[in-house]
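Q: Sequence:
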Amino acid sequence: MMHRYWVYGLRICSEIAFPELLQINHSGAADVYISLGDPFFSLNAIDMAKPLSIVNTENYTAIGVKDIAVYEICGGKRIIVHPRPSATSSDIRVYCLSNAFAVLLYQRKCLPLHAGGIIQNNQVTLVMGASRSGKSTLMYRMMQGGYQVFSDDVVVADTTIQENVRVHASYPMMKLWADQMRAMGHPMGAPIRSGIEKFPCYFHSQFDSQPRSVANIVLLDTSTAIQSCELRRLVGSEPLIETMRNIYRREWMPESMAKLSVGVLLQLIKNSACFEIIRPLEHQSEDEMTRIFTSILGEKK
1 MMHRYWVYGL RICSEIAFPE LLQINHSGAA DVYISLGDPF FSLNAIDMAK
51 PLSIVNTENY TAIGVKDIAV YEICGGKRII VHPRPSATSS DIRVYCLSNA
101 FAVLLYQRKC LPLHAGGIIQ NNQVTLVMGA SRSGKSTLMY RMMQGGYQVF
151 SDDVVVADTT IQENVRVHAS YPMMKLWADQ MRAMGHPMGA PIRSGIEKFP
201 CYFHSQFDSQ PRSVANIVLL DTSTAIQSCE LRRLVGSEPL IETMRNIYRR
251 EWMPESMAKL SVGVLLQLIK NSACFEIIRP LEHQSEDEMT RIFTSILGEK
301 K
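Residue numbers (my numbering): 1 to 301.
To be clear, the hints were calculated from the coordinates, so they are not data collected in a lab.
Computed from a predicted model, the values in this text were never measured in an experiment.
Think of the CB as a built atom: it goes at the ideal place given N, C-alpha and C, for glycine as much as any other residue.
Please note: incorrect hints may appear among the correct ones.
The following label-pair restraints were derived from C-beta to C-beta distances [as the list claims (entries may be wrong)]:
hint, residue 1, residue 2, range
1, Lys66, Gly145, 36 to 46 Å
2, Ser223, Met1, 21 to 31 Å
3, Ser205, Arg291, 22 to 32 Å
4, Arg250, Lys270, 46 to 56 Å
The task is simple: from the sequences and hints, build the whole structure.
A: As structure tokens, then:
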């Protein structure tokens with residue numbers, strides 16, 4: 001049975017079922033085909049004893065994830081998944097949607113960004129930040145407050161129209177901690193993958209697959225030197241530096257895309273207001289951070 005989905009702005013035809021993705025009714029040609037391969041598939045250059053093993057060329061990449069699968073990504077149009085017999089379906093899917101799709105997007109000259117997004121007035125405010133910066137907590141609190149989540153932690157910038165760059169969402173799933181799931185009244189089920197205590201929270205009925213322009217870019221950071229949240233506007237080269245730091249799986253980006261990515265990000269920044277919220281690492285600040293972020297959503301550029 002073939003499943004048809006939408007993800008990252010692409011129409012997918014897949015032999016693998018992905019409950020994370022938005023199902024679509026489309027009988028025409030897909031942009032990407034995902035097929036199941038051989039559980040005992042091997043390549044001489046892939047060492048499955050290593051946690052991650054890679055063969056990478058411009059139009060073909062193979063990724064071996066120990067005890068999970070080998071993923072072949074071909075020409076931006078096909079992903080072949082060779083699952084290991086002992087792998088769980090959730091582990092197989094999560095590495096496909098992250099590593100394998102990151103490679104495929106770069107093969108298609110798309111630019112994925114490690115950012116969540118909130119829709120306000122038909123535009124998106126992007127949220128970027130390193131681990132422990134509070135991005136997941138902020139996205140969760142905004143959903144709790146009735147705001148529409150655009151994407152949890154990845155968006156894809158359209159590189160074809162650089163004058164007014166728009167972004168596509170990833171898929172309608174947030175990754176939440178157990179206490180957050182309980183607070184929302186959602187059953188936890190299985191974690192998103194082995195070894196991590198985050199659980200899938202789906203929002204298919206509220207998901208918006210339309211590309212959106214970006215109103216604001218908000219960087220989250222932490223500091224041990226402050227006791228309350230601080231807000232400042234990024235100036236000079238700061239917006240470009242910070243957005244480049246948040247290119248998703250940048251290690252997969254080919255050198256040939258370096259100039260293109262800078263041009264796209266410059267246009268994205270040109271049409272957006274860029275802020276930084278710094279929260280104290282050693283003090284409770286979730287309410288204050290949420291209040292500051294909410295004020296940005298209503299602020300005119």
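Q: If a hint holds in the structure, say so; if it doesn't, say that too.
A: Going down the list of hints, with the structure as the test:
1. Lys66 <-> Gly145: 36 to 46 Å: 40 Å, holds
2. Ser223 <-> Met1: 21 to 31 Å: 52 Å, violated
3. Ser205 <-> Arg291: 22 to 32 Å: Since the Cβ atoms of Ser205 and Arg291 sit about 28 Å apart, the hinted range of 22 to 32 Å holds.
4. Arg250 <-> Lys270: 46 to 56 Å: 22 Å, violated
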